[in-house]
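There are 4 protein chains.
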Amino acid sequence: MMKNSETPICDLGFGVKQESAQPEALKKAVHTRRRSSAASTCSFSSACFTGSSDEEEISPRDKTQRSTTGFTDFCVKNINAQYAFGRREIDIAEQEMPGIMTLRKRAREDKPLRNAKIVGCTHINAQTAVLIETLVELGASVRWAACNIYSTQNAVAAALAEAGIPIYAWRGETEEDFWWCLDKCISANNWQPNLILDDGGDATHLMWKKYPELFKEIKGIVEESLTGVHRLYHMSKNGKLTVPAINVNDSVTKMKFDNFYSMQDAILDSLKRTTDIMFGGKQVVVCGYGDVGKGCAKSLKAQGCIVYVTEIDPICALQASMDGHRVVTLNEVIRSVDVVVTATGNKNVVTREHMDRMKNGCIVCNMGHSNSEIDVNSIHTPELRWETVRSQVDHIIWPDGRMIILLAEGRLVNMSCSTVPSFVVSVAAATQALALIELYNAVQGRYKSDVYLLPKKMDEYVASLHLPTFDAHLTELSDEQAKYLGLNRSGPFKPNYYRY
Amino acid sequence: MMKNSETPICDLGFGVKQESAQPEALKKAVHTRRRSSAASTCSFSSACFTGSSDEEEISPRDKTQRSTTGFTDFCVKNINAQYAFGRREIDIAEQEMPGIMTLRKRAREDKPLRNAKIVGCTHINAQTAVLIETLVELGASVRWAACNIYSTQNAVAAALAEAGIPIYAWRGETEEDFWWCLDKCISANNWQPNLILDDGGDATHLMWKKYPELFKEIKGIVEESLTGVHRLYHMSKNGKLTVPAINVNDSVTKMKFDNFYSMQDAILDSLKRTTDIMFGGKQVVVCGYGDVGKGCAKSLKAQGCIVYVTEIDPICALQASMDGHRVVTLNEVIRSVDVVVTATGNKNVVTREHMDRMKNGCIVCNMGHSNSEIDVNSIHTPELRWETVRSQVDHIIWPDGRMIILLAEGRLVNMSCSTVPSFVVSVAAATQALALIELYNAVQGRYKSDVYLLPKKMDEYVASLHLPTFDAHLTELSDEQAKYLGLNRSGPFKPNYYRY
Amino acid sequence: MMKNSETPICDLGFGVKQESAQPEALKKAVHTRRRSSAASTCSFSSACFTGSSDEEEISPRDKTQRSTTGFTDFCVKNINAQYAFGRREIDIAEQEMPGIMTLRKRAREDKPLRNAKIVGCTHINAQTAVLIETLVELGASVRWAACNIYSTQNAVAAALAEAGIPIYAWRGETEEDFWWCLDKCISANNWQPNLILDDGGDATHLMWKKYPELFKEIKGIVEESLTGVHRLYHMSKNGKLTVPAINVNDSVTKMKFDNFYSMQDAILDSLKRTTDIMFGGKQVVVCGYGDVGKGCAKSLKAQGCIVYVTEIDPICALQASMDGHRVVTLNEVIRSVDVVVTATGNKNVVTREHMDRMKNGCIVCNMGHSNSEIDVNSIHTPELRWETVRSQVDHIIWPDGRMIILLAEGRLVNMSCSTVPSFVVSVAAATQALALIELYNAVQGRYKSDVYLLPKKMDEYVASLHLPTFDAHLTELSDEQAKYLGLNRSGPFKPNYYRY
Amino acid sequence: MMKNSETPICDLGFGVKQESAQPEALKKAVHTRRRSSAASTCSFSSACFTGSSDEEEISPRDKTQRSTTGFTDFCVKNINAQYAFGRREIDIAEQEMPGIMTLRKRAREDKPLRNAKIVGCTHINAQTAVLIETLVELGASVRWAACNIYSTQNAVAAALAEAGIPIYAWRGETEEDFWWCLDKCISANNWQPNLILDDGGDATHLMWKKYPELFKEIKGIVEESLTGVHRLYHMSKNGKLTVPAINVNDSVTKMKFDNFYSMQDAILDSLKRTTDIMFGGKQVVVCGYGDVGKGCAKSLKAQGCIVYVTEIDPICALQASMDGHRVVTLNEVIRSVDVVVTATGNKNVVTREHMDRMKNGCIVCNMGHSNSEIDVNSIHTPELRWETVRSQVDHIIWPDGRMIILLAEGRLVNMSCSTVPSFVVSVAAATQALALIELYNAVQGRYKSDVYLLPKKMDEYVASLHLPTFDAHLTELSDEQAKYLGLNRSGPFKPNYYRY
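Chains as they are written, first to last, in full-length UniProt numbering: chain S, 1 to 500; chain D, 1 to 500; chain R, 1 to 500; chain L, 1 to 500.
The reader is advised that the hints may include incorrect statements.
As the list makes no split between identical chains, a pair holds if one copy fits it or if it spans any two.
Claimed, not checked - In silico lysine-lysine, DSS-like type, Cα no more than 25 Å apart, as pairs:
1. K494 / K456
2. K210 / K457
3. K111 / K456
4. K457 / K359
5. K483 / K237
6. K347 / K457
Simulated from the structure, these hints should not be mistaken for lab results.
Put together the whole structure using the sequences plus the hints.
Okay, structure coming up:
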């Protein structure tokens with residue numbers, strides 16, 4: 001279950017791309033992306049809103065830019081006006097990303113990415129900037145584009161360019177800009193990429209499609225999104241994946257943080273910022289009891305809510321029961337609950353029929369990984385009146401005066417109305433960096449042309465990088481104990497199928 | 001322990017007024033009020049920020065205003081431009097104030113305040129507007145001024161004026177305006193007040209001082225602030241209180257909501273909105289384990305923080321221990337904690353010495369009821385650099401680069417960086433309304449010229465007004481059971497000293 | 001709300017004694033006591049069951065006994081055979097009673113009870129023995145009888161006698177024995193008591209009735225039971241109380257431990273030991289949301305139960321709602337709950353009508369302070385079959401085969417099926433000792449012939465005695481802070497009406 | 001991680017049997033079993049202690065027994081005297097085993113085990129009797145022996161025999177008896193077994209070794225213990241497993257209950273029954289943060305303990321941190337904690353060195369799955385004094401008087417000092433029954449001669465059988481939703497690698 005904002009975008013894009021890889025289809029995919037993700041572009045940092053005033057007429061592609069040191073291999077918006085602010089944002093992010101910073105320190109001497117040449121295509125914001133600069137410190141040369149036309153923090157891109165990193169990205173790219181930027185990153189003179197770090201699969205797809213000779217030569221791909229992973233598995237199944245790839249989306253440490261831990265905070269924050277709800281005594285139904293639902297239910301209950309759970313899977317339903325939540329169908333409680341939270345990954349979980357029966361003032365929001373969990377289309381009908389009372393908060397008013405409160409128009413409320421803590425990004429970034437190191441340094445033949453999970457030991461290493469934050473001290477096995485357990489003293493400590 | 005924003009203001013004002021009631025002193029008190037409360041004026045509603053753009057040059061006192069129905073007995077800012085927006089804010093607030101709305105419905109027929117003439121002096125915002133209009137529905141005629149020169153929501157004041165209520169208030173009054181407004185409320189033609197609803201004691205003071213003959217005739221005073229209550233007890237002690245007064249600040253239901261329940265939400269919200277902190281595993285010290293500290297500690301622990309508590313009182317310290325928190329002195333943990341929260345009501349709980357030893361990135365905030373819990377003056381020194389990174393968030397940077405994060409400049413972070421849920425205000429408003437009804441309808445001689453707590457039965461009634469929100473159903477005593485317990489079937493159910 | 005086992009006993013005895021103090025009535029009271037308390041006599045220690053095999057034919061009164069040192073001023077059962085075992089029980093109890101042991105150490109030099117002569121009448125078990133020996137170490141000479149004919153741990157009584165303490169008590173006294181023992185304690189030669197420590201009021205009553213001249217001379221009475229306190233207030237009201245008395249039953253620290261904290265553990269323990277129930281997902285209704293109900297509800301919810309609450313008081317009901325429990329009437333949930341827990345102090349809270357509708361296998365138990373919360377008489381009818389499946393566990397079987405599980409025959413399940421942790425007794429014992437010290441050392445005139453609560457500062461001192469157990473460190477006020485708060489640096493820190 | 005009592009037994013037995021299958025070795029294995037498991041034989045039911053008085057001289061093998069209906073194909077102890085009591089125990093167990101009873105009802109008509117002939121070798125107690133009788137109701141004929149010479153509840157065995165089930169088992173079998181009983185179950189006249197249900201692998205081993213021609217013909221083996229599963233994998237690896245087997249030990253539903261949920265209750269119950277500890281404020285270190293450690297830590301924290309965690313695995317350590325526990329090494333906290341709980345599965349986690357430094361009164365217990373987590377041998381030295389203060393509770397006293405409290409002599413405290421709730425056994429029993437049904441009805445060729453996990457769908461079915469207990473209602477996928485998710489509407493709903 002994936003929690004990144006690009007999920008819905010790429011889900012749509014994926015279907016299109018799968019059927020035909022023609023330029024038109026690609027444009028359509030990116031166009032779809034624009035509509036569906038505009039609202040969530042600012043979710044990564046409270047500070048990103050400051051970038052909204054720099055919109056101007058001239059495209060960055062039509063301007064000549066130059067860093068204070070004379071560097072020109074980049075294309076961003078207003079480098080000189082913004083880089084200082086962007087640098088401070090990066091500085092602040094560094095303080096809250098202990099894992100990736102520790103990795104930077106530990107591996108700085110070794111330079112495990114010496115001579116690595118990485119094409120990157122991810123969101124560009126303060127946190128990913130910390131990742132990018134870490135890769136450079138570890139010895140890599142990189143070229144970077146944005147994976148989303150709306151999510152770039154321009155000031156951060158400016159700071160990276162000022163630091164001499166070839167970066168091609170700005171907020172509000174057109175679809176053509178998007179592909180132009182990506183192309184500039186892949187096909188530089190005298191620079192043959194040997195690794196891809198991708199978020200959604202576009203860099204992989206473009207290189208495979210347009211530069212097959214380059215593609216064949218790379219050492220591997222690291223992909224972090226659910227959609228990109230699907231595309232890789234699809235390529236692999238069809239025999240088109242000719243290089244190794246690591247799926248970091250399903251890494252244990254990253255998943256626990258993206259889903260369970262992150263959501264514990266996010267549900268409270270999202271509801272509070274939008275509605276000022278008081279949690280005590282509120283009746284809430286959480287649809288879905290996977291890791292996201294578990295995190296939401298736990299926090300809401302702890303704050304005094306009465307939590308109901310809906311589930312399709314008996315095992316998760318039994319867990320919900322044992323954890324002290326009533327397991328119900330949505331129909332049973334829809335008339336009485338104060339809040340409906342979706343966390344299923346499914347579509348049309350909340351239907352018009354449900355919304356017709358909710359009580360006055362019921363809050364409806366989506367924490368899942370699909371934007372279609374709430375059937376928002378069904379309430380875009382003439383007899384219902386929509387009033388936007390705050391940003392991301394709509395009152396939908398029935399003819400009889402009854403009103404429901406829809407957050408973020410049914411999109412991911414945690415992305416639209418809360419923030420992703422830097423600590424969570426730190427876990428994901430460290431996972432990506434380690435996957436790149438693993439692919440780059442693996443002995444010949446260790447990885448075939450297939451999609452791999454991050455080795456358990458690397459996953460454990462990601463976790464260990466974040467322990468000093470908590471002043472947590474690991475216990476070490478004695479030789480005798482390691483032998484008794486049949487383990488290597490330095491791990492991995494669990495079999496792959498272990499359920500954390 | 002009081003959680004209203006006027007506390008620190010009035011604490012200062014009180015001292016001054018006590019010594020001398022001369023105009024100059026009063027002005028000074030109000031002036032002090034301005035400086036100390038500016039930051040918290042917007043705390044009552046997320047929507048209040050919308051009012052900030054209507055600042056203009058001409059004073060409301062210099063303009064002739066008229067409602068659409070021709071009403072003119074008021075002085076607000078821009079009635080015609082703003083009343084519609086203000087009305088919607090009131091409508092929204094009504095939906096979240098079930099207690100006061102239920103009271104309105106129940107008592108509408110009886111009109112228990114028929115012919116009551118109330119001078120009101122409180123904050124003026126959507127929630128207090130619901131109270132004001134409820135008093136009117138219950139039969140009272142009212143005249144209303146603001147108790148704070150910065151906290152008025154102009155649009156709400158406009159809506160009240162449009163509805164025909166004599167209201168004298170706008171955001172940004174001068175001190176002279178303040179007293180002029182109050183005077184206009186007290187000394188209207190053909191309108192002799194018989195009740196005062198006060199927040200801070202200024203209406204009481206002015207009437208007692210300037211209109212002693214009016215003052216003698218009133219049936220009673222209801223006061224909701226800690227400061228105003230102190231002033232009343234002082235008057236009583238000195239034999240100057242010639243009418244009954246009810247202290248609603250210490251009502252059980254109100255206190256539990258103002259302190260314990262409200263703070264459970266507010267600590268998480270305040271920290272999250274300002275710092276995007278991830279709670280899991282964070283080490284937090286909560287200074288003070290009264291109701292505020294208990295609420296903070298409970299929520300933080302539930303979200304995965306490791307909570308330490310400091311206390312001066314052995315009984316509260318023992319409670320903290322039994323509740324699973326380590327009880328420490330601040331010195332023991334100051335080098336290792338990630339967050340310091342003050343909730344003591346004391347002064348200089350966090351000193352420069354403490355701040356000199358905090359770890360890099362430590363967050364410091366105040367949830368108590370005094371603005372002096374953190375010795376902020378001690379860090380206004382040349383060698384420390386202050387950087388405001390977001391609204392209400394300052395980085396204070398030591399010469400060695402170490403940095404602490406101070407929220408709301410040490411003022412109440414829950415008022416500055418979070419909101420007071422309407423439900424909490426609903427409890428307070430219902431308490432005030434019932435106190436007014438009690439004083440107005442009490443049989444002759446029931447209340448002497450003294451300060452009373454709200455009768456237990458009224459307090460229970462306030463609670464009962466809020467139960468339908470939770471679909472909560474009370475059990476009724478049988479006659480046999482009531483007799484066994486020695487209780488009246490309709491309450492009160494507990495002795496006055498009962499500890500809830 | 002009182003949690004001591006003697007409550008029901010004394011409730012009955014009290015009514016009788018009040019009406020007439022004749023021997024016959026007293027006998028009846030004590031006789032009633034026997035029936036109602038037999039089951040709970042062993043509740044104070046798991047080890048007390050070891051005493052059950054020493055029942056024999058000859059009454060202790062008919063045997064000559066002598067300690068190994070030749071001491072003979074006592075009457076217990078089998079001193080020589082049992083004192084060693086009793087001493088070890090006392091040793092173990094001392095380790096878990098940090099408060100009273102610290103007091104012993106601190107006050108050993110001062111001997112604040114030097115020359116005090118105390119008549120004691122309490123349960124006699126390992127924990128009270130620690131109290132008794134502490135009083136002796138503090139300088140007192142004591143004479144001690146049991147307040148309950150069934151609760152004496154004979155081995156402990158033997159150990160006290162062997163240590164030279166005049167003790168008159170054994171398990172299984174007749175009513176005549178009971179009064180004979182008490183008389184022996186009050187009317188010794190050359191020993192004029194000046195303090196009474198009473199649990200239920202019998203020592204007070206006997207001395208006042210039979211030895212009025214002695215009674216007049218005492219410095220004061222400390223009473224720890226709800227019933228005894230009622231009797232004192234009754235005496236006071238009728239002008240018969242000619243000496244000061246301290247009610248320690250309502251001391252803050254003691255009450256919190258007796259009710260809230262103690263019950264958190266006890267509800268889980270009581271249910272588990274009797275029924276092996278698995279808590280997760282169980283639906284439980286807790287009747288009453290005072291401190292006992294709050295403690296039960298909190299623990300059950302934390303272990304995964306879904307908790308419903310019934311309440312008569314709107315304030316407590318609102319607290320339950322805010323704490324995340326549905327507030328219902330018993331009728332609403334009686335068909336669906338798995339467990340019914342009473343904690344009201346009321347009578348007939350669970351009626352035959354309720355029991356007729358419970359689902360098969362429903363567990364019913366009483367945690368309140370009255371034995372009549374469950375109408376057990378109503379199910380002693382011929383058509384229902386009772387099967388005792390384990391000690392304290394009865395299956396009541398309806399003609400249709402449906403069955404409910406009644407614990408402890410409706411008596412206090414926490415007393416019958418769990419234990420009172422020594423730590424809780426330590427708090428009570430320290431409170432009693434301090435009350436005795438206070439009365440004995442008070443300056444002339446400080447206490448009149450009335451019933452007092454323990455002074456707040458003493459209450460705080462009891463708490464402070466128990467902090468070292470948790471390695472808890474108090475913060476001390478600076479002079480400046482104390483002045484700011486208007487407090488003495490050494491306390492008391494809260495007004496008497498403060499709600500912890 | 002396995003929580004059954006046979007673990008230590010079979011671990012020992014396994015090693016021996018593996019090296020040589022000679023009778024002497026087998027005897028030794030069983031002998032070892034006796035010593036190591038005696039203390040835990042009564043753990044399955046509080047009622048099993050009633051069986052302890054029926055020890056007599058004559059071996060059951062030397063007596064002729066006959067049921068009231070004339071049935072004689074069994075060997076138990078005192079059928080006539082005990083069957084009625086045993087039947088009632090079974091009746092009680094049925095009420096708390098909803099899953100297996102629902103399965104019984106649902107499959108009674110189908111008789112999915114018609115003509116199945118099952119050799120069973122498990123513990124024999126009220127709960128397993130419910131399983132056995134369910135198998136019979138589903139159409140199977142069974143023959144049953146005990147897997148442990150000490151754990152049989154004789155009354156239950158008698159009830160089964162009285163019901164006409166061939167059962168060969170009694171408490172206190174000799175090793176020879178053990179193999180004789182098992183042989184009687186395998187090699188009956190005119191009865192060719194086609195399924196084995198095994199707990200520890202002894203039935204499998206004996207049939208494979210002594211009756212290879214019978215073994216070849218069976219349809220499959222269901223094994224529920226960790227040890228038995230190890231033996232099967234070993235057979236499979238060595239090419240000796242000639243029939244399919246299902247490992248139910250690692251089924252998802254069963255594991256979650258055996259470890260996480262069961263331990264939440266068990267840690268509190270074990271500590272309370274043995275030590276009467278009050279949980280509030282106690283400092284506890286939990287060694288190991290797998291499912292068992294997670295369950296223990298969660299409950300202890302909820303009851304007010306301050307919990308420290310030790311871990312070797314960084315991922316689990318990070319989880320502990322995020323869940324609000326300090327992660328430490330044992331050395332860091334050993335001097336200050338009140339309780340040490342082991343839950344690692346490792347050996348010598350608590351060493352003599354640790355115990356030398358524990359504070360006076362520290363409680364030490366083992367919740368893990370190995371009996372060697374605490375190095376008990378190291379404290380069986382002359383300078384330390386052992387005092388058994390209650391059953392399963394030893395005080396170990398150092399020469400300086402310092403004392404630690406060791407529970408269950410370091411064996412599994414949850415097995416020795418608590419009980420396994422019937423609900424947990426119900427989950428395991430339903431899992432076993434479904435595995436038997438699956439193997440018996442699988443189409444030819446579906447299962448090879450290998451060891452399989454229970455199919456996910458069956459695992460989900462086990463969970464679904466237990467939902468009615470909680471009145472939990474599953475949501476059903478619409479066709480459209482199922483298609484969207486790529487799932488079959490009836491499940492399985494998750495991939496095999498899903499982490500619940």
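Please list, smallest to largest, the hint numbers that this structure does not respect. 2 and 4
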